[in-house]
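**Student:** Could you slot chain B onto chain A? The hints should help.
There are 2 protein chains.
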Amino acid sequence: MGEAYTQESYSRFNRHKERGTYDAETIHNIVNTTSVLHVSFADPASPFPVMLPMIGQIGQYEADVEPHLYLHGYVSTRIMKVTSSSNEADGQSQGLAMTIAATKVDGLVLALSPFSHSYNYRSAVLFGHAALLPSSDNPETLWAMELITDSVVPGRWQHTRVPPTSSELTSTRIIKVRIASATAKVRAAPAASERRDLKDPDVVGKVWQGVVPVWEHFGEPVTNKAAGGVSEIPEHVARFVEAENVNSEEYAVGVAGERKADEEEE
Amino acid sequence: MGEAYTQESYSRFNRHKERGTYDAETIHNIVNTTSVLHVSFADPASPFPVMLPMIGQIGQYEADVEPHLYLHGYVSTRIMKVTSSSNEADGQSQGLAMTIAATKVDGLVLALSPFSHSYNYRSAVLFGHAALLPSSDNPETLWAMELITDSVVPGRWQHTRVPPTSSELTSTRIIKVRIASATAKVRAAPAASERRDLKDPDVVGKVWQGVVPVWEHFGEPVTNKAAGGVSEIPEHVARFVEAENVNSEEYAVGVAGERKADEEEE
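Those protein sequence lines, which keep their order, are chains A and B.
If you're matching positions, the first sequence starts at 40 in this note's numbering and goes up one per residue.
If you're matching positions, the second sequence starts at 40 in this note's numbering and goes up one per residue.
Isolated chain A (complex conformation) (with noise of 0.2 Å):
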């Protein structure tokens, strides 16, 4: 892509500068690779933010359209609502302001002391506003409703049951997010520890140093026997389980040893 975000008031890193980045490609794939997104928006009703752990994919619906997130979740009725209401109290048109998180963690980075323990991740924010699609008969929505199904196992939707009936259709939200900013922060490295406790004999003679790669883990597909049909494990799923764990253990293994020099912390 080559391309960046640009920086807004609310987008700045104030700490570790240096693993920020703006770079669209970067935040596009810890978005697409998280299980879980955080999804954030206020409700006036509420005193506390709103937070709900969504699955979501930004993709492109049109080549010479930019980039734009969709989500999917059960709970979309109450996003509905905040959004039909706040868009009526201020008279403005460009949807419901919301913020949403991806974080991966990739490994415990144990130091010499506890203030220097952190850990390996991969973290993106994007600041947006969203609106509702069009919940039936609409290309972008259906799009939408495959491009996120897919994320989750790649090829599922054409291997289960479509298209859609309309009762599924109609109960079903695909909200979409024009990205106004984002940012993503990535530490990758070793463990490091402060000087002072590096030239200390007694400390670094005492204390271990190090990381443990973490990474999310698929076990061998477990099949509902009871519902009495494919008992086989399809080819599409045995494909993604392997290749996603080779992938997974390979970065955070990797990004734990990599760097030689330097164990000055950053």
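Check the hints yourself; a few may be wrong.
No copy labels: a pair is met if it fits in one copy or bridges any two.
In silico lysine-lysine, DSS-like type, Cα no more than 30 Å apart, as pairs [to be verified]:
#1 K264 / K215
#2 K56 / K238
#3 K238 / K264
#4 K215 / K238
#5 K264 / K56
#6 K245 / K264
No lab work stands behind these hints, which were simulated from the structure alone.
**Tutor:** Positioned in the frame of chain A, the structure of chain B alone reads:
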């Protein structure tokens, strides 16, 4: 515990009520075993809610006080600013209103139709008011730092270079959140589909239905050899990695196949 949070207008369940609970023990367990919490609060200077990934733990500092959430993050300077300015502005001292989410994915639930797809998951949301603990020479602050460090790897605090230096203590802050209400949702069951699809031999004969168990897996710890110190992986780290992997796999695989009757979608 046997205790429960009270239902408030902002903590009501709107959908899948059968998955919801206000049980304190369930909620605390989810929060305390989730690697990253997502913290959201309003910033008067931003059109979007702030969203930060942070590390935290629920704990009880003294036996006769209710459990609070303690958060640790390098980004606390931003929260500090918002906290103090919001307190000044409205003259109240109850602290910054925050919503905190903890979500664990336990399985990909692949059903007959895309609309019956789901995750096995454990999700908790806390609503509360945040205040900063004093930075140094405060027993509760030190206690919370140890609590949070040991939540990453049990016993880690005492196996590192402690006590903290005075500069570490002044640069690191702990945020204490008084919990106003809290909820959890849990799905822990095999794949389930709609009766309509389960009765259709064509669908049941073609589409595989099951769960891919998912868990956070810890790899072999990677020593930072360049630091030239302890090369043997210590007992507290090795034991933790082994036990966690066994427990996590057992849970995710267990709930993937547990329910024998009632395959209909909840």
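**Student:** Run every hint past the structure and note whether it holds.
**Tutor:** How the hints compare with the structure:
| no. | hint | verdict |
| --- | --- | --- |
| 1 | K264 / K215 | neither (37 Å within a copy, 47 Å between copies) |
| 2 | K56 / K238 | within (26 Å within a copy, 56 Å between copies) |
| 3 | K238 / K264 | between (60 Å within a copy, 15 Å between copies) |
| 4 | K215 / K238 | neither (53 Å within a copy, 34 Å between copies) |
| 5 | K264 / K56 | between (51 Å within a copy, 27 Å between copies) |
| 6 | K245 / K264 | between (53 Å within a copy, 14 Å between copies) |
When the structure is compared with the earlier hints, violations turn up for hints 1 and 4 and for no others.
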